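Undergrad: Sequence:
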Amino acid sequence: MKIATWNVNSLKVRLPQVLDWLAANPEVSALCLQETKLEDRNFPRAEFEQAGFSVAYVGQKTYNGVAIIARETLGEVVVNIPGFVDEQKRLIAATLGGVRLVCAYIPNGQSLDSDKYAYKLEWLAALTAWLKAELVRYPKLALLGDYNIAPEDRDVHDPVKWEGMVLVSPEERAAFRALTGLGLQDAFRLFEQPQKTFSWWDYRGFSFQKNAGLRIDHILLSPELAQSCTGCEIDRQTRKHERPSDHAPVVATLKN
DNA sequence: ATGGCATGAGTATCATGA
Numbered sequence: 001m002k003i004a005t006w007n008v009n010s011l012k013v014r015l016p017q018v019l020d021w022l023a024a025n026p027e028v029s030a031l032c033l034q035e036t037k038l039e040d041r042n043f044p045r046a047e048f049e050q051a052g053f054s055v056a057y058v059g060q061k062t063y064n065g066v067a068i069i070a071r072e073t074l075g076e077v078v079v080n081i082p083g084f085v086d087e088q089k090r091l092i093a094a095t096l097g098g099v100r101l102v103c104a105y106i107p108n109g110q111s112l113d114s115d116k117y118a119y120k121l122e123w124l125a126a127l128t129a130w131l132k133a134e135l136v137r138y139p140k141l142a143l144l145g146d147y148n149i150a151p152e153d154r155d156v157h158d159p160v161k162w163e164g165m166v167l168v169s170p171e172e173r174a175a176f177r178a179l180t181g182l183g184l185q186d187a188f189r190l191f192e193q194p195q196k197t198f199s200w201w202d203y204r205g206f207s208f209q210k211n212a213g214l215r216i217d218h219i220l221l222s223p224e225l226a227q228s229c230t231g232c233e234i235d236r237q238t239r240k241h242e243r244p245s246d247h248a249p250v251v252a253t254l255k256n
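Using full-length UniProt numbering, the letters of the first sequence map in sequence onto residues 1 to 256.
These aren't lab readings, by the way, just hints derived from the structure by calculation. A quick note: this is a predicted structure, and the numbers were derived from the prediction, not measured. The reader is advised that the hints may include incorrect statements.
[As the list claims (entries may be wrong)] 27 Å max Cα-Cα, derived DSS-like pairs, lysine-lysine: (1) K240 / K161; (2) K116 / K61; (3) K210 / K240; (4) K196 / K240; (5) K210 / K196; (6) K116 / K12; (7) K140 / K2; (8) K12 / K240; (9) K61 / K12; (10) K240 / K2.
[What the hints assert, rightly or not] Distance ranges between label pairs, derived from CB positions: (11) T180 / E39: 33 to 39 Å; (12) E47 / Q88: 21 to 27 Å; (13) K12 / N211: 37 to 43 Å; (14) T73 / T230: 23 to 29 Å; (15) S111 / V160: 16 to 22 Å; (16) R243 / L121: 31 to 37 Å; (17) E122 / E49: 34 to 40 Å; (18) G205 / G181: 32 to 38 Å; (19) D202 / K61: 22 to 28 Å.
Cβ coordinates follow ideal geometry from the N, Cα and C atoms, glycine included.
Model the full assembly from the supplied sequences, consistent with the hints where possible.
TA: Structural data, given as structure tokens:
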């Protein structure tokens with residue numbers, strides 16, 4: 001099976017692209033979406049179900065919103081981080097064929113001196129604490145999503161330019177390492193990868209054409225899943241579409 | 001260069017993103 005994550009930056013705008021992408025990638029068993037920006041009553045459930053998918057989603061107006069689209073029935077759906085009071089809709093988890101899928105839209109943080117940055121670090125701490133317990137319950141666990149963290153300088157097109165900015169700060173990178181410290185492994189880094197492979201490019205300044213991007217969308221795998229992972233790729237083709245999302249899908253292949 | 005796009009809410013601009 002393949003599992004994937006894609007920040008679509010409005011599912012209303014990107015729904016045709018998502019359906020096309022799922023049709024073009026039939027090996028993808030589950031696709032995690034972020035920034036759907038839709039209240040639940042406006043989620044295009046019928047469109048996905050008519051195309052044969054099972055869906056789990058939670059969203060809000062204008063901002064955030066996450067969903068899992070799967071080819072088989074999703075079970076054990078959990079919304080938000082249990083025990084963490086949060087107005088924002090940024091996390092949904094579900095089980096598919098014995099694999100626990102956690103779909104997360106980690107806060108951006110805006111800037112290092114922002115309240116949103118403090119919220120980002122609190123959110124990450126709560127996520128890490130919850131996942132520690134979740135990993136005991138579910139040895140086959142994947143955390144997929146928009147992390148809004150470039151884990152290392154090689155994940156940044158111009159590390160000097162980005163120094164002191166959100167997404168690359170030492171605290172955020174330490175929070176990412178706290179996740180890998182639970183035993184989770186970055187699927188992308190399990191394999192040899194081309195230099196300067198990114199998952200996000202700013203809409204402004206021809207960033208995609210210049211490949212001025214960041215790798216901030218990730219799939220982390222529990223030890224048992226990492227063992228079965230045979231590949232991980234970023235599908236930058238989607239960024240060439242008309243009205244593209246600024247993020248590209250990340251896809252991991254799992255055996256069995 | 002605190003802009004540069006894009007999206008949504010709402011109908012002029014503003015908040016947010018990364």
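Undergrad: Take the hints in turn and mark each one as holding or not.
TA: Results of checking the hints against the structure:
no., hint, verdict
1, K240 / K161, "25 Å, holds"
2, K116 / K61, "18 Å, holds"
3, K210 / K240, "13 Å, holds"
4, K196 / K240, "17 Å, holds"
5, K210 / K196, "11 Å, holds"
6, K116 / K12, "26 Å, holds"
7, K140 / K2, "14 Å, holds"
8, K12 / K240, "19 Å, holds"
9, K61 / K12, "12 Å, holds"
10, K240 / K2, "23 Å, holds"
11, T180 / E39: 33 to 39 Å, "34 Å, holds"
12, E47 / Q88: 21 to 27 Å, "25 Å, holds"
13, K12 / N211: 37 to 43 Å, "28 Å, violated"
14, T73 / T230: 23 to 29 Å, "25 Å, holds"
15, S111 / V160: 16 to 22 Å, "18 Å, holds"
16, R243 / L121: 31 to 37 Å, "33 Å, holds"
17, E122 / E49: 34 to 40 Å, "36 Å, holds"
18, G205 / G181: 32 to 38 Å, "36 Å, holds"
19, D202 / K61: 22 to 28 Å, "25 Å, holds"
Against the hints set out earlier in the document, a violation occurs for number 13 only.
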